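J.: One letter stands for each residue in the lines below.
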Amino acid sequence: MDSTVSSVSEENVWGGGNRPLGASYGKLMMWFFIVSDALTFSGFLASYGFSRFKFIETWPIADEVFTHVPFFHGNFPMYYVAFMTFILIMSSVTMVLAVDAGHRMMQKKVIFYMFLTIIGGLIFVGSQAWEWATFIKGDYGALETKGGRILQFVKSDTGERAALADFAAVLDEERITQLKSEGIWFEDESALTNFSVNEVIAGLKADNNIVVRTETISEDGEKILLNRAESLEKVNDAVRVVEGANLIRNEYGSRLFADFFFFITGFHGFHVFSGVVINVIIFFNIIIGTYERRGHYEMVEKVGLYWHFVDLVWVFVFTFFYLV
Amino acid sequence: MAHEHKLEIFRGLVKFKSNVTKIWGVLIFLTIVTAVEVGLGITKPEVLTKNYFIGMKILNWIFIVLTLVKAYYITWDFMHMRDEKSSLRRAVVWTPIFLVCYLIIILLFEADYIYNIFKTGYVSWNF
Chain Z
7 MDSTVSSVSE
17 ENVWGGGNRP
27 LGASYGKLMM
37 WFFIVSDALT
47 FSGFLASYGF
57 SRFKFIETWP
67 IADEVFTHVP
77 FFHGNFPMYY
87 VAFMTFILIM
97 SSVTMVLAVD
107 AGHRMMQKKV
117 IFYMFLTIIG
127 GLIFVGSQAW
137 EWATFIKGDY
147 GALETKGGRI
157 LQFVKSDTGE
167 RAALADFAAV
177 LDEERITQLK
187 SEGIWFEDES
197 ALTNFSVNEV
207 IAGLKADNNI
217 VVRTETISED
227 GEKILLNRAE
237 SLEKVNDAVR
247 VVEGANLIRN
257 EYGSRLFADF
267 FFFITGFHGF
277 HVFSGVVINV
287 IIFFNIIIGT
297 YERRGHYEMV
307 EKVGLYWHFV
317 DLVWVFVFTF
327 FYLV
Chain A
22 MAHEHKLEIF
32 RGLVKFKSNV
42 TKIWGVLIFL
52 TIVTAVEVGL
62 GITKPEVLTK
72 NYFIGMKILN
82 WIFIVLTLVK
92 AYYITWDFMH
102 MRDEKSSLRR
112 AVVWTPIFLV
122 CYLIIILLFE
132 ADYIYNIFKT
142 GYVSWNF
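The listed protein sequences derive, respectively, from chains Z and A. Be aware that the first sequence starts at 7, since it is given in the numbering used here, and climbs by one per residue. Be aware that the second sequence starts at 22, since it is given in the numbering used here, and climbs by one per residue.
Hint data in this document are derived by calculation from the structure and do not stem from the laboratory. Note that the coordinates shown come from a computational prediction; the quantities given were computed from them, not determined experimentally. We put the CB at the ideal spot given by N, CA and C, even for glycine. Hints are not guaranteed to be accurate.
[Unchecked claim] Covered, in the sense of this in silico footprint (three residues per stretch, anywhere, with C-beta under 8 Å from a C-beta of chain A), are these stretches of chain Z:
(1) 22-29
(2) 49-61
(3) 126-138
(4) 236-245
(5) 316-324
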């Protein structure tokens, strides 16, 4: 099982060939990689913590953002993320079972468990893609003020969030998307939002039931609502409508929130994706009997380490992004 | 390669007959911990959100501790850290823990300082 060839006697500490850590070269290098990758993710999560502590009173509440489950309508905070966590832990388990079967040289079992692991990984990546799509699309819409703060809307009788489509007035305005080809060459506009600021303000004036929800979090951990008079005053600061999320602004609150969402879950999703690719390669290697001929399944153990690491990172992302 | 596995978890409280049953046992444990986390995250009991410990809600402390517990079992049982030599274990585990603690402490202190500047200083940002 040695990856390094040794021609020196075992007692010779300086000549190479002895293994003080009792692990093969390949496994050690995988541990090296994992430690460095763990530090990269720690950097991401620590900078997330930095931005969050900096805007501790105005940061979006994750429970209110991630409330969707595919094929179901309604408000299900965290359920889908919990499901994704479970899928990833489950695929980690099938991976250990594959490693365990590899130790006992049971090719058929290794193939079966590797297959399940790959399926789990694919479900996870698919779920994450779906979650990104939902996040980018958004569901309520909001206004942005001059200072880049987000104003959301709430129905004051029920306390439920109000989507812009629920109350915005339809005004007879002409709005043209500024294209590079038709406008000034250095000014380009992305697609227009469904409503203009004027339409939202007119709708707010007409509907007595709608009030503004600010970014600020109260002592009870809830976003502070304005009353009607304050709401009508506050919307005068609005400069644009925000629907959904992109890397510049998002309807959920602090701009950094969406940026960190895209970077942290994106970087993790990329790890899962590359993990699946590596798993597929190893899967075919097992099928064609490469490791039977080699006499050991250490390669499965090495990709297993990587796969568990991806699961490990998700455990932290889950806590710090979704729960805390 | 370590063919023999240490089959005890919880410091010998639970001992499994084979490596496979240990894996399923750890899965059950991790699932319970995740379910507790999600349950607390959805219900948010007031006792835990109203009381603070070192400037952070008790609920968040519980989440962090449970996360570290999960991380421990993933590393120790799924990544077979339990079966590795203690020198490898210490090299892999303590190096990041030291660096990450350092990083978190300086960044969060700095962030809190900026928060106070935004709050009390002559900086207008919420308009």
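J.: Check each numbered hint from earlier against the structure, then list the numbers of those it violates in ascending order.
T.: 3 and 4
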